[in-house]
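**Student:** Just so you know, the sequences run in chain order Y and X. Quick note, the first sequence lines up with residues 1 to 287 if you use our numbering. Quick note, the second sequence lines up with residues 1001 to 1229 if you use our numbering.
If you're looking for bench data, these hints aren't it; they were derived computationally from the structure. Everything hinted at is true.
With a cut-off of at most 25 Å between alpha-carbon atoms, the simulated DSS-like pairs for lysine-lysine come out as follows:
| no. | chain 1 | residue 1 | chain 2 | residue 2 |
| --- | --- | --- | --- | --- |
| 1 | Y | Lys-145 | Y | Lys-53 |
| 2 | X | Lys-1062 | X | Lys-1075 |
| 3 | X | Lys-1059 | Y | Lys-53 |
| 4 | X | Lys-1193 | X | Lys-1220 |
| 5 | Y | Lys-276 | Y | Lys-244 |
| 6 | Y | Lys-145 | Y | Lys-9 |
| 7 | X | Lys-1062 | X | Lys-1072 |
| 8 | Y | Lys-145 | Y | Lys-276 |
| 9 | X | Lys-1059 | Y | Lys-51 |
| 10 | Y | Lys-53 | Y | Lys-168 |
| 11 | Y | Lys-207 | X | Lys-1149 |
| 12 | Y | Lys-168 | Y | Lys-41 |
| 13 | Y | Lys-9 | Y | Lys-53 |
| 14 | X | Lys-1225 | X | Lys-1193 |
| 15 | Y | Lys-51 | Y | Lys-168 |
| 16 | Y | Lys-145 | X | Lys-1193 |
| 17 | Y | Lys-41 | X | Lys-1062 |
| 18 | X | Lys-1059 | Y | Lys-41 |
| 19 | X | Lys-1149 | Y | Lys-244 |
| 20 | Y | Lys-51 | Y | Lys-166 |
| 21 | X | Lys-1072 | X | Lys-1059 |
Residues per chain are reported as follows:
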Amino acid sequence: MIEVLGKAKLLRCPPGTSLQDEGRLSGAQYGIPSSGAMDQKSFRWANHLLKNKSNAVALELSQPGLQIQFTQACLIALIGANALVNLNQNKVSNSSLISITAGDILEIGAFLSGSRLYLCIQGGFQVERYLESGSDFESITFPSKRSTHDLLTYFPYPQAQNLGAKPKWVTSWFESPKIETYRGADWELLSLAQQELICSTTFHLSKFSNRMGIQLEELVSNQLEELPTNPVFPGTVQLTPGGKIIVLMRDAGVTGGYPRILQLTEEGQSILAQKKLGESIRFQLLE
Amino acid sequence: MIPHYQLLSPTFGELVWDQHPTDELLGFQLAYLTYIQSNFSDTLAEARQGFTRISLVWKNPKTQLDFLAQLKNIKLPPMELSTTIWQVPVCYDPEYGQDLNVLAESKNLSSSELIQIHLEPIYRIHFFGFLPGFFYLNGLSPLLHTPRKSVPMIAVPPGSVAIGGNQTGIYPMQSPGGWHIIGRSPLAFFDSKQPIPVWAKAGERVQFVPINATQFRNWKDTSPKSTSQ
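Same shape as in the complex, but just chain Y (with noise of 0.2 Å):
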């Protein structure tokens, strides 16, 4: 048996577009960010349904326009953001799971809800591990990014499967404003007026958003002092002197100066990692 490596060439790649995993646990020490799928709850429900195990890398999209083939037949998921996708230019109805043969292309197009999908692969795509992770990240990985040209390798499924019944993905999950958070570590310095807006406002995600965070359009005003700079996370929520709020997401640097007001569930992570520009989300305090 001549076993060959599937090679998945990026014909199209759009910005925004990286490899990810459950990100690096043991990297902090050296200030190395997290990273990881900014939706662990979509990532981890694609590797599931192949099988996989729970850190095989998959590929997070974050805009629509992507266009990839396959030399060798496999088994994907497309999980998180609800896309219509295109296989060989025919439109296929339920892309949670595909059985793609030799030599086919497949489209994402516009993005219907969500913000971040997952291309994920039976065995996961084959990549260099730092720190037991696969996820890009500059001066980690060489590339950080994924582009045009590009080629990822995975092990090929020796042919296409009947999959049967196959699971239809909901998103409703995530097109709720409400995120669950709990008190942040420097919660209690903020005065009870403070805290009540917090929790009231409805806020709105701003255009600048991306892997490392996403600051919130209203503005909280704020006379606190900066702190020493301590520990942050993936889902911590800070307060800047300017009373900007900005959600710490899976690029953001581990430790940071700014008051630690919130920190968010992991299910009120990957909801908000499926919130667009523009739309709206409500802080729910966890007892």
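We have chain Y already, so just place chain X on it with the hints.
**Tutor:** Chain X only, in chain Y's frame:
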């Protein structure tokens, strides 16, 4: 300096010290961090250290409660801090320290006075953060404390030595940044091709050594020298 524990979620909390960052506090932090990492390695998912906190992420809620129950019995002496001092060459020529002259002027100092004040202390490395390979140093003279720029620079060059707030630090790689740039070091501060990507450790010290622009341009060896005292 016994810390208390702030429970922040079922699987996440922080060891809290209320003191200002000092060598003594760092000694206690490193003692607790080392103890927890070796005694709770099976149940701890991740630990992160800052100037006055250590954040702990637990694998499940029960393991956090188990730790909390044991914490009151943990009374550790401070760890003795390393005697290693890293010599970090810095070129303070305005070509590399583009904010040096403006910063000196704002403090009614000459540029050479500012450089002398920056060179005087031996700085203590407390932890890494902000960027891969960026170490947080304690010991900047209050004379040089300066609020961060209101508009950050889009691309601070790698090796830039800068002052922000009450801290000084070195940008290991190109990055946006709001600190005032007073010089540049020819050393490499982060290399993910190495099994351990940084050469310094928390608790060690850094001494800046001035070099001129010609020395900077001709600098070959990007790894640092150290002494012990």
